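Colleague: Going down the list, the protein sequences come from chains A and B. The opening position of the first sequence corresponds to residue 1 in UniProt numbering, with each subsequent residue numbered one higher. The opening position of the second sequence corresponds to residue 1 in UniProt numbering, with each subsequent residue numbered one higher.
Think of the hints as simulated: they come from the structure by calculation, not from any bench. Only a predicted model underlies this, so the values are computations on that prediction, with no experimental measurement involved. One thing to keep in mind: the hints can contain errors.
Claimed, not checked - Okay, the calculated beta carbon distance ranges per label pair:
| no. | chain 1 | residue 1 | chain 2 | residue 2 | range |
| --- | --- | --- | --- | --- | --- |
| 1 | A | Arg137 | B | Gln126 | 49 to 57 Å |
| 2 | B | Glu26 | A | Arg32 | 33 to 41 Å |
| 3 | B | Ser203 | A | Asp197 | 56 to 64 Å |
| 4 | A | Glu130 | B | Pro105 | 21 to 29 Å |
| 5 | B | Glu26 | A | Glu199 | 46 to 54 Å |
| 6 | B | Leu19 | A | Ser52 | 23 to 31 Å |
| 7 | B | Arg38 | A | Asp144 | 26 to 34 Å |
| 8 | A | Gly107 | B | Pro41 | 32 to 40 Å |
| 9 | A | Arg53 | B | Gly219 | 38 to 46 Å |
| 10 | B | Asp196 | A | Asp138 | 38 to 46 Å |
| 11 | A | Gly219 | B | Ser52 | 34 to 42 Å |
| 12 | B | Ser203 | A | Glu42 | 23 to 31 Å |
| 13 | A | Arg185 | B | Pro149 | 29 to 37 Å |
| 14 | B | Asp47 | A | Ser147 | 35 to 43 Å |
As the list claims (entries may be wrong) - A few chain A residues that face chain B, going by a derived Cβ cut-off under 7 Å, partial list only:
| no. | residue |
| --- | --- |
| 15 | Ala100 |
| 16 | Phe104 |
| 17 | Asn170 |
| 18 | Ala207 |
| 19 | Gly234 |
Note that the Cβ used here is the ideal one computed from N, Cα and C, for glycine as well.
Spelled out from the first residue to the last, the chains are:
2 protein chains.
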Amino acid sequence: MADMAAAWEPVPRSRTFELVLARIEEQILAGRLRVGDRLPPERELVDMLGVSRAAVREALRVLEAQGVLRSRVGTGPSSGTVIAAMPDAGLTQLLRLHIALANFPMGDVVEARATLERASARLAAQLVTEDGLERIRDPLLRMDDASLPREHFNDCDTDFHVAIAEAGGNRLMADMTIAVRNAVRHTLLTVFNKLDDWEKVASRLRAEHHAIYEAIAAGDTEAAGDLVEAHVRGFHQDIVKKIMDGADPAAP
Amino acid sequence: MADMAAAWEPVPRSRTFELVLARIEEQILAGRLRVGDRLPPERELVDMLGVSRAAVREALRVLEAQGVLRSRVGTGPSSGTVIAAMPDAGLTQLLRLHIALANFPMGDVVEARATLERASARLAAQLVTEDGLERIRDPLLRMDDASLPREHFNDCDTDFHVAIAEAGGNRLMADMTIAVRNAVRHTLLTVFNKLDDWEKVASRLRAEHHAIYEAIAAGDTEAAGDLVEAHVRGFHQDIVKKIMDGADPAAP
Numbered sequence: 001m002a003d004m005a006a007a008w009e010p011v012p013r014s015r016t017f018e019l020v021l022a023r024i025e026e027q028i029l030a031g032r033l034r035v036g037d038r039l040p041p042e043r044e045l046v047d048m049l050g051v052s053r054a055a056v057r058e059a060l061r062v063l064e065a066q067g068v069l070r071s072r073v074g075t076g077p078s079s080g081t082v083i084a085a086m087p088d089a090g091l092t093q094l095l096r097l098h099i100a101l102a103n104f105p106m107g108d109v110v111e112a113r114a115t116l117e118r119a120s121a122r123l124a125a126q127l128v129t130e131d132g133l134e135r136i137r138d139p140l141l142r143m144d145d146a147s148l149p150r151e152h153f154n155d156c157d158t159d160f161h162v163a164i165a166e167a168g169g170n171r172l173m174a175d176m177t178i179a180v181r182n183a184v185r186h187t188l189l190t191v192f193n194k195l196d197d198w199e200k201v202a203s204r205l206r207a208e209h210h211a212i213y214e215a216i217a218a219g220d221t222e223a224a225g226d227l228v229e230a231h232v233r234g235f236h237q238d239i240v241k242k243i244m245d246g247a248d249p250a251a252p
Numbered sequence: 001m002a003d004m005a006a007a008w009e010p011v012p013r014s015r016t017f018e019l020v021l022a023r024i025e026e027q028i029l030a031g032r033l034r035v036g037d038r039l040p041p042e043r044e045l046v047d048m049l050g051v052s053r054a055a056v057r058e059a060l061r062v063l064e065a066q067g068v069l070r071s072r073v074g075t076g077p078s079s080g081t082v083i084a085a086m087p088d089a090g091l092t093q094l095l096r097l098h099i100a101l102a103n104f105p106m107g108d109v110v111e112a113r114a115t116l117e118r119a120s121a122r123l124a125a126q127l128v129t130e131d132g133l134e135r136i137r138d139p140l141l142r143m144d145d146a147s148l149p150r151e152h153f154n155d156c157d158t159d160f161h162v163a164i165a166e167a168g169g170n171r172l173m174a175d176m177t178i179a180v181r182n183a184v185r186h187t188l189l190t191v192f193n194k195l196d197d198w199e200k201v202a203s204r205l206r207a208e209h210h211a212i213y214e215a216i217a218a219g220d221t222e223a224a225g226d227l228v229e230a231h232v233r234g235f236h237q238d239i240v241k242k243i244m245d246g247a248d249p250a251a252p
């Protein structure tokens, strides 16, 4: 992890709060702190962990920002700092930032999308409900409107893939799929805006989306997975790669 | 997201810092702030965003804790707050916590593991180097020692799966695979410790691990993927599920 230079950098002021973070994480991973449980008061944490009040406060603030803790005001039995079910938004935001900053090669991101979306589409074909199908169909039909601006097309495209990820009913798979799909949203919009033959590309995407929808609606697991994988890989190979190779190489 | 009760909760003191976070995230996702870039000084952020200095400081502290920012002390050209490549540890820690707290059904986690590890093993069979093979072989051979305590067996088992995830050379896929594998580490150890027929189970795991290793070493993509998927699903179906059904239902 640390290279030689980093090993000699001054110890950051905030070192102790990371120890507090680690202690709280241990309790959560061991199942001793669960969603809805109250954290011991600041004072007690200071005593138990032998650290400063400032370090405890800093750690609590970070966990709050991550969505691990929630403060409830008041004096009743439900007041105080409780362990919260982390909102999916927090995870997908961090994964999105991580993908943007880690500057993963586009090929790695495409591989991850192909893997996750293939698996999600297979689950969707097996488990989708009437309601879930409707949520996939809605952005699908909106993309059929030829006058839709590219930016809105991109939004609907994201919604379509997110709805498929959610239709399988596996929240963890869906969270990862959505985070990776969202991470490429900006790149895809850049590509859409640079295309000279936008109408031709949009037609191709529409046809592929409809075929994917039909396979999921028909409960055809193999076709749904194969079509999504081919859609993700083909679009990047034939369209994104060509545009990006001539464009900003540092874009995520 | 918010239910009715939550909608009427008092606005947390810290609301503005989230706006600051969102602004900085926008700059990163749009590619205007990249790894190594310096963030404008606190003062300037206060002016540009029209928020209090406290809100800016809070946001910076959260981003530092997430690994998005790094402070460099001193007065030279490399001092100040710079955008850092987020360490993988930060992402896997958050994903681990998220999985523990979201309390995903075990079946969802197994499905995610099967999907990610199948894909990782296929990549490994295609791309592994001599060095990568050695890193897979090392924990494999350590698990052959019948006197290895269960806890160490579990550590080696984790190392084995992590080495396969890394052998494919796709950092994003590896990060997600590792986070999900680490999230079940505690559950698996609990299961290992409860087994009456530990030696029989360990023999089965050893045989499956060796077969996976041979397929990767032989570059057999199909076999490597199929064997890992069967290993993950079979172990949970035949062993973990039986033990967990009679045990702590809230364990992740």
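Colleague: Hints first: check each against the structure and report whether it holds.
Modeller: Hints, one by one, checked against the model:
In this structure the supplied range 49 to 57 Å is violated for Arg137/A paired with Gln126/B, their Cβ-Cβ distance being about 37 Å. Hint check: Glu26/B to Arg32/A, Cβ distance near 38 Å, so the stated range 33 to 41 Å holds. With their beta carbons about 60 Å apart, Ser203/B and Asp197/A fall inside the hinted range of 56 to 64 Å. About 22 Å separates the C-beta atoms of Glu130/A and Pro105/B, a value consistent with the hinted range of 21 to 29 Å.
The given range of 46 to 54 Å is broken by Glu26/B and Glu199/A, whose C-beta atoms sit roughly 30 Å from each other. The beta-carbon spacing between Leu19/B and Ser52/A, approximately 29 Å, falls within the hinted interval of 23 to 31 Å. At roughly 46 Å, the beta carbons of Arg38/B and Asp144/A sit outside the given window of 26 to 34 Å. A beta carbon spacing of about 37 Å between Gly107/A and Pro41/B agrees with the range 32 to 40 Å that was offered as a hint.
For Arg53/A and Gly219/B, the Cβ-Cβ distance of about 58 Å falls outside the hinted range of 38 to 46 Å, so the restraint is violated. Against the hinted window of 38 to 46 Å, the Cβ-Cβ separation of Asp196/B and Asp138/A comes to about 53 Å, which falls outside the hint. One distance hint, 34 to 42 Å for the beta-carbon pair Gly219/A and Ser52/B, is violated here, with the actual separation near 55 Å. Judged by the Cβ atoms, the range 23 to 31 Å given for Ser203/B and Glu42/A is violated: they are separated by roughly 50 Å.
For the pair Arg185/A and Pro149/B, the beta carbons lie near 47 Å from each other, so the given range of 29 to 37 Å is not met. Distance hint check for Asp47/B and Ser147/A: the Cβ-Cβ separation is about 42 Å, which falls inside the suggested range of 35 to 43 Å. Contact between Ala100/A and chain B, as hinted, is supported at the beta carbon level, the nearest pair being about 5 Å apart and thus within 7 Å. A least Cβ separation of about 5 Å between Phe104/A and chain B falls short of the 7 Å threshold, and the interface hint therefore holds.
Annotation: interface hint on Asn170/A holds; nearest CB of chain B at approximately 5 Å, less than 7 Å. Checking Ala207/A against chain B by beta carbon gives a least distance of about 27 Å; that is not within 7 Å, so the hint is violated. For Gly234/A, the interface hint is violated, the least distance from its beta-carbon to any beta-carbon of chain B being 18 Å, above 7 Å.
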